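> Chains as they are written, first to last, in the working numbering: chain A, 4 to 97; chain B, 2 to 326.
Simulated from the structure, these hints should not be mistaken for lab results.
Since the model is a prediction, treat every value here as computed from it, not as a measurement.
Quick reminder that beta carbons are idealized off the backbone N, C-alpha and C, glycines included.
One should not assume that every hint holds.
Dumping the calculated SDA-like pairs for lysine to any residue here, alpha-carbon to alpha-carbon at most 25 Å [unchecked claim]:
(1) B:Lys227 x B:Gly102
(2) B:Lys35 x A:Arg83
(3) B:Lys118 x B:Lys318
(4) A:Lys70 x B:Cys167
(5) B:Lys118 x B:Leu283
(6) A:Lys70 x A:Arg83
(7) B:Lys318 x A:Trp55
(8) B:Lys168 x A:Arg16
Some residues of chain B that are not near chain A, with every Cβ distance over 12 Å (derived) [stated by the list, open to error]:
(9) Ala82
(10) Gln85
(11) His90
(12) Arg175
(13) Asp257
(14) Ser291
(15) Ala309
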Amino acid sequence: MSAEWPLWEVFIRGQHGMAHRHVGSLHAADAEMAVKNARDVYTRRNEGVSIWVVEARHIAASSPSDKGPLYEPATSKVYRHPTFFDIPDDVGAM
Amino acid sequence: MYAQMVKSDVGQDDPARLAAFQARIDAGEKIEPKDWMPEGYRKTLIRQIGQHAHSEIVGQLPEGNWITRAPSLERKAILLAKVQDEAGHGRYLYCAAETLGVSRDALTEMLIDGRMKYSSIFNYPTLTWADMGAVGWLVDGAAIMNQVPLQRTSFGPYARAMIRVCKEESFHQRQGFDIMMKMAKGTAAQKKMAQDALNRFWFPSLMMFGPSDKDSVHSAQSMAWKIKMNTNDELRQKFVDQTVPQAAYLGLTVPDDTIAWNAAKGGYDFAEPDWSEFFDVLKGNGPCNSERIAARRKAWEDGAWVRAGMLAHAEKKKARKMAAE
Numbered sequence: 004m005s006a007e008w009p010l011w012e013v014f015i016r017g018q019h020g021m022a023h024r025h026v027g028s029l030h031a032a033d034a035e036m037a038v039k040n041a042r043d044v045y046t047r048r049n050e051g052v053s054i055w056v057v058e059a060r061h062i063a064a065s066s067p068s069d070k071g072p073l074y075e076p077a078t079s080k081v082y083r084h085p086t087f088f089d090i091p092d093d094v095g096a097m
Numbered sequence: 002m003y004a005q006m007v008k009s010d011v012g013q014d015d016p017a018r019l020a021a022f023q024a025r026i027d028a029g030e031k032i033e034p035k036d037w038m039p040e041g042y043r044k045t046l047i048r049q050i051g052q053h054a055h056s057e058i059v060g061q062l063p064e065g066n067w068i069t070r071a072p073s074l075e076r077k078a079i080l081l082a083k084v085q086d087e088a089g090h091g092r093y094l095y096c097a098a099e100t101l102g103v104s105r106d107a108l109t110e111m112l113i114d115g116r117m118k119y120s121s122i123f124n125y126p127t128l129t130w131a132d133m134g135a136v137g138w139l140v141d142g143a144a145i146m147n148q149v150p151l152q153r154t155s156f157g158p159y160a161r162a163m164i165r166v167c168k169e170e171s172f173h174q175r176q177g178f179d180i181m182m183k184m185a186k187g188t189a190a191q192k193k194m195a196q197d198a199l200n201r202f203w204f205p206s207l208m209m210f211g212p213s214d215k216d217s218v219h220s221a222q223s224m225a226w227k228i229k230m231n232t233n234d235e236l237r238q239k240f241v242d243q244t245v246p247q248a249a250y251l252g253l254t255v256p257d258d259t260i261a262w263n264a265a266k267g268g269y270d271f272a273e274p275d276w277s278e279f280f281d282v283l284k285g286n287g288p289c290n291s292e293r294i295a296a297r298r299k300a301w302e303d304g305a306w307v308r309a310g311m312l313a314h315a316e317k318k319k320a321r322k323m324a325a326e
């Protein structure tokens, strides 16, 4: 026996209408087992109402070295934030 | 502490990259799996997280011993939940180690063939039901001392695993203390069992923190990398200061005549454990070392056909589904 069960990444939706959030990973032979294992490993205390699993090898990720080209363009565009604009107090809430 | 005497590796990395890496850690940034890291950092973490994970898994064995013999259905259900948590903690930690490029199966094999260690504490037997109390109260109590600061460790996946573990761990310590309270306030025979459990687990619990490391180069490197947050002596002192009043509350006596409050240092003075015993247990000569590894090996080998069978079945199902589409 040398083949290892594939690695799955687990995403759980918490109780309060939130988005699914990455919680960790686990090994399972197939998707059905991955969901069952995720139930046992990540929701023993009612941490979730819904589970997503995806095989880790199917996830495409950005590379840490692309951090500059990817995110720096946004830092100079401060006008994208509402606080950039001064609205006089007389105008009221906006 | 579930990781003891972890040696740090110092690799042959480019000094400029090393300095930049250290600056990130000093600034409180988390290191994530795909970030550049020194080889020594990676290797030391694999050793530390792996040892921590193995301790959670092997730590199920002394308690699993009492699941079928728990004194009531409620105690049995609680102990079962606790042991299941330990399995979960092992899983969180193996996941964190795997992000560093070591496979789960390789970690398990290194445990079984003795290349990797687990905490010395799990090489002691659990002889009576009171030991379930002492293990939860003292052993999990000592583990919490170490794990709480590790929630701030520099490696992201390890820190996140520790956050999950800490959330669950305080249930473990409280259930242990609850057992001790019942026993200590019970019949004379029960109180005697509680005292006996404290007598046997006190010094092995102090050993969990490892020997004094104030002059250790490995500890200095690990602390600079923020994968070790406190010295062994600091954590041991904190543990003693917390535990001695709890023992007094239980009406039990800590098996150390030298314990005395030291107002100048704001903590208790206490006797060191017998470190020759500690090194002997690490070498494999504790009361239960061979039993623990034999149990892990048996589970691993007996489960081989199940792991292979489940995988073959999953592949067959996948092929059938593809053919139908």
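> Checking against the hints above, which ones are violated?
2, 3, 4, 9, 10, 11 and 15
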